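Turn these sequences into a full structure, and let the hints guide you.
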Amino acid sequence: MKETLIVFGGSGFVGKALCQEALKQNIKVISISKHGKPKSDDIWLTHPYMTWLKIDITRDDSWKKYLDSSVVCVNLIGILFENKRKGLTYDKMIVQINHLISTEASRKNIPVIFLSAKGGPCGYVEAKKKAEQELLTKRHPTTIIRSGLIVSKKHPFRYAQGMAIKLGEKVPLIKKEAQKVYPTSLSTLVHQIINEARQPSYKIIEDIR
Numbered sequence: 016m017k018e019t020l021i022v023f024g025g026s027g028f029v030g031k032a033l034c035q036e037a038l039k040q041n042i043k044v045i046s047i048s049k050h051g052k053p054k055s056d057d058i059w060l061t062h063p064y065m066t067w068l069k070i071d072i073t074r075d076d077s078w079k080k081y082l083d084s085s086v087v088c089v090n091l092i093g094i095l096f097e098n099k100r101k102g103l104t105y106d107k108m109i110v111q112i113n114h115l116i117s118t119e120a121s122r123k124n125i126p127v128i129f130l131s132a133k134g135g136p137c138g139y140v141e142a143k144k145k146a147e148q149e150l151l152t153k154r155h156p157t158t159i160i161r162s163g164l165i166v167s168k169k170h171p172f173r174y175a176q177g178m179a180i181k182l183g184e185k186v187p188l189i190k191k192e193a194q195k196v197y198p199t200s201l202s203t204l205v206h207q208i209i210n211e212a213r214q215p216s217y218k219i220i221e222d223i224r
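Counting from 16, one number per residue, gives the positions in the sequence shown under the working numbering.
Don't read these hints as lab results, they were simulated from the structure.
Treat the hints with caution; some may be incorrect.
To be verified - Lysine to any residue pairs mimicking SDA-like chemistry, simulated, CA-CA at most 20 Å apart:
id, residue 1, residue 2
1, Lys218, Thr66
2, Lys144, Lys54
3, Lys52, Ile42
4, Lys123, Arg154
5, Lys39, Ser200
6, Lys185, Lys195
7, Lys80, Trp67
8, Lys99, Lys153
9, Lys39, Ile209
10, Lys107, Thr66
11, Lys169, Glu184
12, Lys69, Pro53
13, Lys43, Thr66
14, Lys54, Ser84
15, Lys133, Met65
16, Lys144, Ile94
17, Lys101, Gly138
18, Lys153, Glu119
19, Lys80, Ser121
20, Lys133, Lys145
21, Lys123, Ser84
22, Lys123, Leu151
23, Lys144, Glu192
24, Lys168, Thr203
25, Lys49, Ser84
26, Lys123, Glu149
27, Lys195, Glu221
To be verified - FRET-style restraints, in silico, Cβ to Cβ:
id, residue 1, residue 2, range
28, Glu221, Lys54, 31 to 39 Å
29, Ser216, Lys49, 23 to 31 Å
30, Leu188, Gln214, 40 to 48 Å
31, Gly102, Leu182, 31 to 39 Å
32, Glu18, Lys99, 37 to 45 Å
33, Ala179, Lys123, 24 to 32 Å
34, Ile220, Lys190, 32 to 40 Å
35, Phe172, His206, 38 to 46 Å
36, Ile189, Leu95, 13 to 21 Å
37, Ile189, Asp76, 39 to 47 Å
Note that the structure is a prediction, hence the values are computed from the model and not measured.
Note that beta-carbon positions come from the ideal geometry of N, C-alpha and C, so glycine has one too.
This is the structure:
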């Protein structure tokens, strides 16, 4: 395992869970996101191994100095739905951001773990696949994880959606579509990411259940 996990999008739903689990395993973590440190009193947020950086990597390249031979990068940045009024497009938030991270990681031969997707809105999946295609042309160790709907009991609505999808897998007419987004446990996902970070390699993980 490298000394430090750099989590792009560490203040998000998956990012916070990943940071917290990494700290439990005594792994140093640097979170890089536009929002910085989450607004919460949770003790783990001030853990001595945890560093929060408030950086918009599309406008500020100061994040690049944190990438060296001691780190593994995890790219969790993305949006499920576009908001073009705010400039939040799939191209910018998935394709372009992946390009920035993967280009710098490739230049320094730093491992990257990219959270992709099996299903979702058409433009979302297309952007994820476009990002994957670029990653596969780079020389650094790359792990692509194609997740379904990520669920946690701490988020009841999302968990209920996951249960509905599981039921849908048993219905012949919608079985194929349900399989594309078959739910992935948040806990299982973050453990998988940490396991991959311990032994960086070149692989595509199609399903985590």
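Regarding the pair Lys69 and Pro53, is the alpha-carbon distance no greater than 20 Å? Holds: Lys69 and Pro53 sit about 10 Å apart, inside 20 Å.
Hinted pair Lys123 and Ser84, Cα distance within 20 Å: It holds: about 7 Å lies between the C-alpha atoms, which stays within 20 Å.
Regarding the pair Lys54 and Ser84, is the alpha-carbon distance no greater than 20 Å? With a Cα-Cα distance of about 31 Å, the restraint between Lys54 and Ser84 is violated, given a limit of 20 Å.
Holds or violated: Lys185 to Lys195, with C-alpha atoms at most 20 Å apart: Distance ~13 Å between Lys185 and Lys195 Cα, so the pair holds.
Is the hinted pair Lys101 and Gly138 satisfied, with a Cα-Cα distance of at most 20 Å? Answer holds: Lys101 to Gly138 is near 17 Å, not above 20 Å.
For the pair supplied as a hint, Lys133 and Lys145, confirm whether the alpha-carbon distance does not exceed 20 Å. holds (13 Å)
Given hint Glu149 paired with Lys123 - CA-CA distance at most 20 Å: holds (16 Å)
So if I understand the rule, the pair passes when the alpha-carbon distance is 20 Å or less; does Lys153 with Glu119 pass? holds (10 Å)
Regarding the pair Lys168 and Thr203, is the alpha-carbon distance no greater than 20 Å? holds (13 Å)
Is the Cα-Cα distance between Lys169 and Glu184 20 Å or less? violated (23 Å)
Quick check: does the Cβ-Cβ distance between Glu221 and Lys54 fall within 31 to 39 Å? holds (36 Å)
Has the given pair, Lys80 with Trp67, been kept, meaning a C-alpha gap of at most 20 Å? holds (15 Å)
Checked against the numbered hints above, the structure violates hints 1, 2, 8, 10, 11, 14, 15, 25, 33, 34, 35; every other hint is satisfied.
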